[in-house]
Structures are given as C-alpha cells and as structure tokens.
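S.K.: Sequence order for the protein chains is A and B.
Going by the numbering used here, the residue at position 164 of the first sequence is 164; the numbering climbs one at a time, nothing skipped.
Going by the numbering used here, the residue at position 52 of the second sequence is 52; the numbering climbs one at a time, nothing skipped.
For the record, the hints were derived by calculation from the structure and aren't laboratory data.
Computed from a predicted model, the values in this text were never measured in an experiment.
Hints are not guaranteed to be accurate.
[To be verified] EDC-like cross-link-like pairs, simulated, lysine to aspartate or glutamate; straight-line CA separation at most 16 angstroms:
id, chain 1, residue 1, chain 2, residue 2
1, A, 184, A, 222
2, A, 184, A, 28
3, A, 103, A, 157
4, B, 224, A, 124
5, A, 117, A, 85
6, A, 103, A, 116
7, B, 33, B, 160
8, A, 108, B, 160
9, B, 33, A, 8
10, A, 184, A, 169
11, B, 60, B, 160
12, B, 275, A, 87
13, A, 72, A, 157
14, A, 72, A, 52
15, B, 33, A, 155
16, A, 70, A, 85
17, A, 60, A, 26
18, A, 103, B, 160
19, B, 33, B, 91
20, B, 172, A, 202
21, A, 60, A, 8
[Unchecked claim] Derived coverage of chain A by chain B (criterion: at least 3 residues anywhere in the stretch with Cβ under 8 angstroms from a Cβ of chain B; other residues may be distant):
id, region
22, 176-188
23, 206-215
[Said to hold, decoys possible] Heads up, incomplete: computed chain A residues facing chain B, CB under 7 angstroms, no partners named:
id, residue
24, 53
25, 54
26, 57
27, 72
28, 77
Don't be surprised by glycine CBs; every beta carbon is placed ideally from N, CA and C.
Residues per chain, in single letters:
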Amino acid sequence: MLPVLSVEGLSASYRKNKVLDNVVFDVEPGTMTSIVGPNGAGKSTLLKVILELHPRLAGKVAFFGSPYPKVKSRIGYVPQRGSVDWDFPTNALDVVMMGLYGKIGWLKWPKRSHREKAMEALAEMGMADYASRQISQLSGGQQQRVFLARALVMDADLYFLDEPLAGVDAATERAIMATLNLLKSRGRTVLVVHHDLQTVEDYFDHVLLLNRSVIAHGPTEEIFNESNIYRTYGGTLRWRGARSG
Amino acid sequence: MTLGLSHNAQWVLLSTLILGTAAGIIGCFAYWKRQSLMSDALSHAALPGVIIGFAILGVKNLPVMIAGAAASALFGALIIHWIRSSSRVKEDAAMGIILSVFFGFGVMLLTFVNRMAGANQSGLDSFIFGQAASMVSKDVWLMSGLALLVLFIAIVAFKEWKLFLFDAAFAKGLGLSSRWMNSLYMFCLVLVIVIGIQAVGVILMAALLITPAVSARYWTNSFKWMMVLSALFGGGAGVIGTLLSAYGKGWPTGPFIVIAAASLFVFSLALGIRKGLLVIGIQQYRQRRQLNQPSVQNLHLPERGGSG
Chain A
1 MLPVLSVEGL SASYRKNKVL DNVVFDVEPG TMTSIVGPNG AGKSTLLKVI LELHPRLAGK
61 VAFFGSPYPK VKSRIGYVPQ RGSVDWDFPT NALDVVMMGL YGKIGWLKWP KRSHREKAME
121 ALAEMGMADY ASRQISQLSG GQQQRVFLAR ALVMDADLYF LDEPLAGVDA ATERAIMATL
181 NLLKSRGRTV LVVHHDLQTV EDYFDHVLLL NRSVIAHGPT EEIFNESNIY RTYGGTLRWR
241 GARSG
Chain B
1 MTLGLSHNAQ WVLLSTLILG TAAGIIGCFA YWKRQSLMSD ALSHAALPGV IIGFAILGVK
61 NLPVMIAGAA ASALFGALII HWIRSSSRVK EDAAMGIILS VFFGFGVMLL TFVNRMAGAN
121 QSGLDSFIFG QAASMVSKDV WLMSGLALLV LFIAIVAFKE WKLFLFDAAF AKGLGLSSRW
181 MNSLYMFCLV LVIVIGIQAV GVILMAALLI TPAVSARYWT NSFKWMMVLS ALFGGGAGVI
241 GTLLSAYGKG WPTGPFIVIA AASLFVFSLA LGIRKGLLVI GIQQYRQRRQ LNQPSVQNLH
301 LPERGGSG
C-alpha cells in the first residue's frame, strides 16, 4: 500500500545549527504515531519542514505519493498553542470556522451550513457551551480543544499535531485522545509530537524516536524499549519503564 | 451643511474623512502584526522621496511625489528587513536607525531644494506637519481614490486578513500564501502613508494609523467591530482635525488630527467597555466588597464546579 507520508533524507537547520539530519521514514495509513525525543531533537521542526513552514536543506517529502501543494486540503495541522496570540479579538466558534476557509472559498463569506459544521466540531470536543466565548478567556486546555476542533472541521486524511497534550488538564487530555482515536477508527492517519514517555504505550500504536535523525521507528511494542529510548535520550533520561517496571 | 467652509475645503474635509477611515483599518492590521512602530518608520522614510520627486520635475505634482514617497518608504522597509535578517541588530533598533536617517536626509534635501527658484511657494514644508488646505481638487481626487482602493482591499478580503493576522502558519496550510499577504499588507500600509502625508505630514502620519486601532481595542472583543470602530475613530479624527485647522489661517492639519485621535484614545482608555479603566475599577471594587463580606458559603464552597 502507498504510504500516507514518505520522508526521504530530510535535513534542516536553524541558523548555523543543523537540527535535522537525513531523516527517513514512511507512515502507513490508519496509524497513530507519536514523535518522541529530547528537547531540541527537532520534533516541531520536523513537522514544520514537512509542511513547508520551514525551509529544508535537502530531502523529499511525499503525501499520498504527491508533493505537498497538490494535497494541502487533505492535511490538517494543529500548531502549538503558544504559536498564536490568544488576545486576538475573536471567539471560539470563529477560530473553528477558520478550518473551513479553504472549503468556503477565498473572498467568499461563510454560510449557515459552515457555522453549523463548526458548532458540531466544537460539540465533539465538549466545547459547545463556549462557542461565543472570547478566546482569551478560555483555559489552556480549552484553547487546545478549540484548535483541535478547527482541525476536525477540515475533514483531513492526515493530521499533524504539535504537542497537543502539553500543559492541558486531565479532562482535555481525555477529550483529545478520544477524538484522535475516533479519527483513527475512521481510517485517518495521525502524527503527534509528544513529550510524555509514560503515556506513549497507552496512546499510540506507532513510535518515531527522533534525535536530529530517526533513532527507531515502528510499532510501539517492537520499538519502544529501554535500549532505543536510551539511545534517543542519551544519559539525560530518568525513565522507569511505564508498563514493565 | 457647509460649516462656513469654502467649496474646496468641503472636498478636503471629505478626503481626510476617507483617509482617516482607511488609516484606521490598516492601523488595525499593523496593530495585530505588531508593526505599529514600522508605520512610523515608513512615514518618516517617505520624506526624501517626496523632495526628490519635486526636485526632478521642479513643480509640485502630487502623483510624482506620491510615487517618490512610496519608493523611498519601500526602500526604507527593505533596508530594515535587510538589517534585521543579516546582522545582530534587532528590528526596533533597525527601525530607529532608518526612521532618523531617512528623515534627516529628507530635511537636508528640503533645505537645498528650498533654495531653488519658486520652491518656497511650493508648500513643500507642508509635507512635514501636514497642510490639508493646500490640497487642490486634483489632489483630493487622487487621495480619495487611493484610500477607497485600500478600503476595498481590506473589506473584500476581511476573512483572509483575519486568518492571516491570527495564525499565518495555519493560513499557509490552507493555501493562503504568507508572502502574498505580507506584500499586500505592505502595499496597503505604504499607500495609506503616502496619500496621507500631504494632509497629516510625515512626522505625525503614524499617529493616525496607531491611535484609532488602540482606541478601538477598548470597546470590543470582535475583530470586525475593532476594524469598524478604528475606521470611525480614524475618520472622525481626520474630520475634526481638518475642521479645526481650517478655522485658523495656515494652521497645520497634522497636529490637530493627532490631538483629535488622542482625545478619542483617552476617552476610550477611561470609559471603554472592554478593559477601560472605569470598568476595571468597578469590577475590582465589587470583588473587594464581596471578599469583605465573608459568609460560610463563600468560605467553604467553590463558586462553580467543572474543569476550568
């Protein structure tokens, strides 16, 4: 089967520092992969380079066998919550509507059907009561759910999420994981930059261990073991196995 | 309603109304792009272009001078961008350098050009502090037309501007090119600046861009209404300032427009229904009073359950 995402020899740098070096991996459809690695391993940069938000030095990326610009509408991206100014004067429903702008069409105004679709996505994230709430007045977890709802309405085949579970409350973590599992059950593919090693085995069926290049990649039960994690994190890790120990 | 103004003055009034409206809207964009200071740097950087435009023709020809102003402002923007990306100098320092160097250069050119024959009567000085009354009907038409063009671009692509200003990376994922939007934004910003400098002057033009947007923020939590209010405040300041200066003989327009805009700001700061000082004061007073009336309920039960 054609991989949903195919990354070949990807390299990128920030100023003089090479943060990604010859990254190679394929992602199979219908999988849920966590991208795990220490701080500065290039996890967020990897997403940004794949989505052409950051320039690449070398390498090739193909989605469903096509280059990014051709399949943009089939890809949903949930950036880190801190990447926008939440003081911007708008409400939750409005932010979710932004996910539909591609479908609405440029220079056209949204219709009632678009609004209803956005409301549904908010409801799916348990945020229906907050539709008209000013986004600056939402908690961090609620803001994250709004971002996820915005990705949901895009109805994409492949989702990239950058640290969606960072600094959110337990209810939000449950809501987000339920949604991601729902997407997976609908045959969608999900890639998540993740920081919590304790939950990797419970949440994701695939793992990509990254430290500037791919240390290991594959099904969680095969790859996610002490020696691979040690190779990824080096001596900086204090981790006592989640399930085994 | 003629307000005791001449025919020409009425047209001038209309054009500063449209100019203020356009500046208010583009000022909103600049506010959310965190580029308020950039608009100040660009308007100062426009001065050399105005003078060179005059010197080339030897007569006052507004289209040529506006083109010169735009070229010189864009050149300034280019250098700011270049300094920021190729050296360790931060953007605010780069803007400070460009602002003062370009303005100083402009004033120097002005000194030379003023010695040329007939230059003293050209009203070149009015580009520094603004002199709306010096505009003739051709100037009024040009200025209003270009301001309406900016208004049109802002309103037609309202949804796109909102997306771009809130989350440019996400916009790019949807196919809205950041480079394209940035260029369009720069085009509108420079256009508003160069058409405004004759009426408001290069020194004070930025105030007409910054102040209405900041004032509008105190009244609303919706981007649409912030744009509408900012446009009203900008247009209002333009009209009030022009009127006041028209009643004096040869009074510069810019300072009056700026004072009008600043008055609207002080009013908004004090009485604005969102984050205005009065509203915040009342809220704090109420909260303090609640705390000072302890009851068993307040001490033991949280106000509301559920996840925050």
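S.K.: For each hint, tell me whether it holds in the structure or not.
M.R.: Outcome of the hint check:
1. Only pairs whose Cα atoms come within 16 angstroms are accepted, and residue 184(A) paired with residue 222(A) is rejected, the gap being roughly 20 angstroms.
2. Using a Cα cut-off of 16 angstroms, the hinted pair residue 184(A) and residue 28(A) holds, with the two alpha carbons roughly 12 angstroms apart.
3. Using a Cα cut-off of 16 angstroms, the hinted pair residue 103(A) and residue 157(A) holds, with the two alpha carbons roughly 15 angstroms apart.
4. Pair hint residue 224(B) plus residue 124(A) does not hold up; C-alpha atoms about 27 angstroms apart against a cutoff of 16 angstroms.
5. About 25 angstroms separates the Cα atoms of residue 117(A) and residue 85(A), which puts this hinted pair outside 16 angstroms; it is violated.
6. Note on residue 103(A) and residue 116(A): the hinted pairing holds, with a Cα-Cα distance of about 14 angstroms set against a maximum of 16 angstroms.
7. The suggested pairing of residue 33(B) with residue 160(B) holds, with an alpha-carbon distance near 14 angstroms, which does not exceed 16 angstroms.
8. The suggested pairing of residue 108(A) with residue 160(B) holds, with an alpha-carbon distance near 10 angstroms, which does not exceed 16 angstroms.
9. A threshold of 16 angstroms between alpha carbons decides the hint, and for residue 33(B) with residue 8(A) the separation of about 36 angstroms lies outside it, so the pair is violated.
10. As the CA atoms of residue 184(A) and residue 169(A) are separated by approximately 23 angstroms, the hinted pair breaks the 16 angstroms bound.
11. Between residue 60(B) and residue 160(B), the direct Cα distance comes to roughly 38 angstroms. Violation of the 16 angstroms bound is thereby established for this hinted pair.
12. A hinted pair counts as satisfied when its Cα atoms are at most 16 angstroms apart, and residue 275(B) with residue 87(A) qualifies at roughly 12 angstroms.
13. The hinted pair formed by residue 72(A) and residue 157(A) meets the criterion: a straight-line CA distance of about 10 angstroms does not exceed 16 angstroms.
14. Restraint check for residue 72(A) and residue 52(A): satisfied, since their Cα atoms lie roughly 11 angstroms apart, inside the 16 angstroms limit.
15. Between residue 33(B) and residue 155(A) the alpha-carbon distance is near 29 angstroms, which puts this suggested pair outside the 16 angstroms criterion.
16. Pair hint residue 70(A) plus residue 85(A) does not hold up; C-alpha atoms about 30 angstroms apart against a cutoff of 16 angstroms.
17. Distance restraint check for residue 60(A) and residue 26(A): the Cα-Cα separation of roughly 12 angstroms lies within the 16 angstroms cut-off, and the hinted pair is therefore satisfied.
18. Distance hint between residue 103(A) and residue 160(B) is fulfilled; the C-alpha atoms sit about 13 angstroms from each other, no more than 16 angstroms.
19. Of the supplied pair hints, the one linking residue 33(B) and residue 91(B) holds, its CA atoms being roughly 13 angstroms apart against a limit of 16 angstroms.
20. At most 16 angstroms may separate the alpha-carbon atoms for a hinted pair to count; residue 172(B) and residue 202(A) exceed this at roughly 33 angstroms.
21. At roughly 5 angstroms between alpha-carbon atoms, residue 60(A) and residue 8(A) fall within 16 angstroms of each other, so this suggested pair holds.
22. Here's how the region 176-188 of chain A fares: 0 of its residues keep a CB closer than 8 angstroms to some CB of chain B, so the rule of at least three is not met and the hint is violated.
23. Taking a C-beta to C-beta cut-off of 8 angstroms, the region 206-215 of chain A contributes 0 residues in contact with chain B, too few for the three needed, and the coverage statement is violated.
24. With a cut of 7 angstroms, the hint placing residue 53(A) at the interface with chain B holds, because the nearest CB-to-CB distance is about 5 angstroms.
25. About 10 angstroms separates the beta-carbon of residue 54(A) from the nearest beta-carbon of chain B, more than 7 angstroms, and the hint is not met.
26. Interface restraint check for residue 57(A): the shortest CB-CB distance to chain B comes to about 18 angstroms, outside 7 angstroms, so the restraint is violated.
27. Interface hint status for residue 72(A): upheld, as the beta-carbon distance to the closest one in chain B is roughly 5 angstroms, under 7 angstroms.
28. The interface hint given for residue 77(A) is met, as the beta carbon of that residue sits about 5 angstroms from the closest beta carbon of chain B, less than 7 angstroms.
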